[in-house]
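A.B. asks: So you can see what is in the structure, the chains are spelled out below.
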Amino acid sequence: MSQGQFLTPTKAARGLGSAKSGTAHHIRLRVAALALLVLVPLALYAIISISSAGFDGARAWVAQPLHATLLILTAGVVSYHMRLGMQVIIEDYIAKTGMRTTLLILNTFATIAMFIAVAMAVVQIWIAG
Amino acid sequence: MSGPQRAATRPLSPHLQIWRYHVTMLASITHRITGAALYFGTFLIAAWLVALAMSAETFAMMQGIITSLPGKVILYLWATAILYHLFNGIRHMMWDGPGIGFSPKVASNVSVVIYTLAIVGAAALMFVAGAF
Numbered sequence: 000m001s002q003g004q005f006l007t008p009t010k011a012a013r014g015l016g017s018a019k020s021g022t023a024h025h026i027r028l029r030v031a032a033l034a035l036l037v038l039v040p041l042a043l044y045a046i047i048s049i050s051s052a053g054f055d056g057a058r059a060w061v062a063q064p065l066h067a068t069l070l071i072l073t074a075g076v077v078s079y080h081m082r083l084g085m086q087v088i089i090e091d092y093i094a095k096t097g098m099r100t101t102l103l104i105l106n107t108f109a110t111i112a113m114f115i116a117v118a119m120a121v122v123q124i125w126i127a128g
Numbered sequence: 000m001s002g003p004q005r006a007a008t009r010p011l012s013p014h015l016q017i018w019r020y021h022v023t024m025l026a027s028i029t030h031r032i033t034g035a036a037l038y039f040g041t042f043l044i045a046a047w048l049v050a051l052a053m054s055a056e057t058f059a060m061m062q063g064i065i066t067s068l069p070g071k072v073i074l075y076l077w078a079t080a081i082l083y084h085l086f087n088g089i090r091h092m093m094w095d096g097p098g099i100g101f102s103p104k105v106a107s108n109v110s111v112v113i114y115t116l117a118i119v120g121a122a123a124l125m126f127v128a129g130a131f
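Line order of the protein sequences matches chains A and B.
For the first sequence, numbering that gives the first Met the number 0 begins at 0 and goes up steadily by one.
For the second sequence, numbering that gives the first Met the number 0 begins at 0 and goes up steadily by one.
One thing to keep in mind: the hints can contain errors.
[As the list claims (entries may be wrong)] Residues from chain B shown here face chain A by an in silico Cβ test under 10 angstroms; the list is partial:
id, residue
1, Val49
2, Ala50
3, Ile65
These are computed hints drawn from the structure, not numbers from a lab.
Positions of the beta carbon are idealized from the N, C-alpha and C atoms, including for glycine.
Model the full structure from these sequences, guided by the hints.
C.D. replies: Structure (structure tokens):
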């Protein structure tokens, strides 16, 4: 504390970076990644099963309750991880406020739209049986 | 930029121009590049599932695109990207959590192993899927 005792807390913190929501973002990205450690291998198994089953076989595979549930769960976690990850890239490389804000909003819309599209597709196949 | 000056000790984003080449530097940048590529590739996977929900004709059309040569190349690159991002993500968690694998020698070797596993693993996945 030989150096810090004459500094106010504000002076000590100033210039050392943002003190907003970075830590929460960092943790959320990694919690989603933890879930994806399990869900991504399952998703790869799903893609291989669906792609080699033909149209009717693929629909029958997706229509099984466990498969449908895991597909929707995976789409949700993937969408969230995609949104948080792309947000970091946009914030790192796009300095102009207008373009940055536009891309951040588009990122939010696109990833949520992706989740809804997959969820609705799975629900449609599930209901049609 | 107005406001207080940033301290020179703050970490920088992985800008390509300022780093001298090293395999761990390449691994870090590859993690970001594969992440961005997966972002767009995953929309294609989503479109494929939506086609399955739409009709047999739409699904057949999508299957035709995927099983064409350009489709297979994109699928192989997507598989390589997802395996790389998955394996390197596990490594990042080892770094962040228990702090394993930080020594330069181990970090460099693990980088090479991850590249190899991703490239070979993606080929194995394509083989299992019957793509070739």
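A.B. asks: Next step is simple, just say for each hint if it's right about the structure.
C.D. replies: Okay, the hints, checked on the actual structure:
1. Interface hint at Val49 of chain B: satisfied, since its Cβ lies 5 angstroms from the closest Cβ of chain A, which is below the 10 angstroms cut-off.
2. Of the supplied interface hints, the one on Ala50 of chain B holds, with its beta-carbon coming within about 8 angstroms of a beta-carbon of chain A, less than 10 angstroms.
3. For Ile65 of chain B, the interface hint holds, since its Cβ comes within 10 angstroms of a Cβ in chain A; the closest pair sits about 7 angstroms apart.
In summary, the structure agrees with every hint in the numbered list given earlier.
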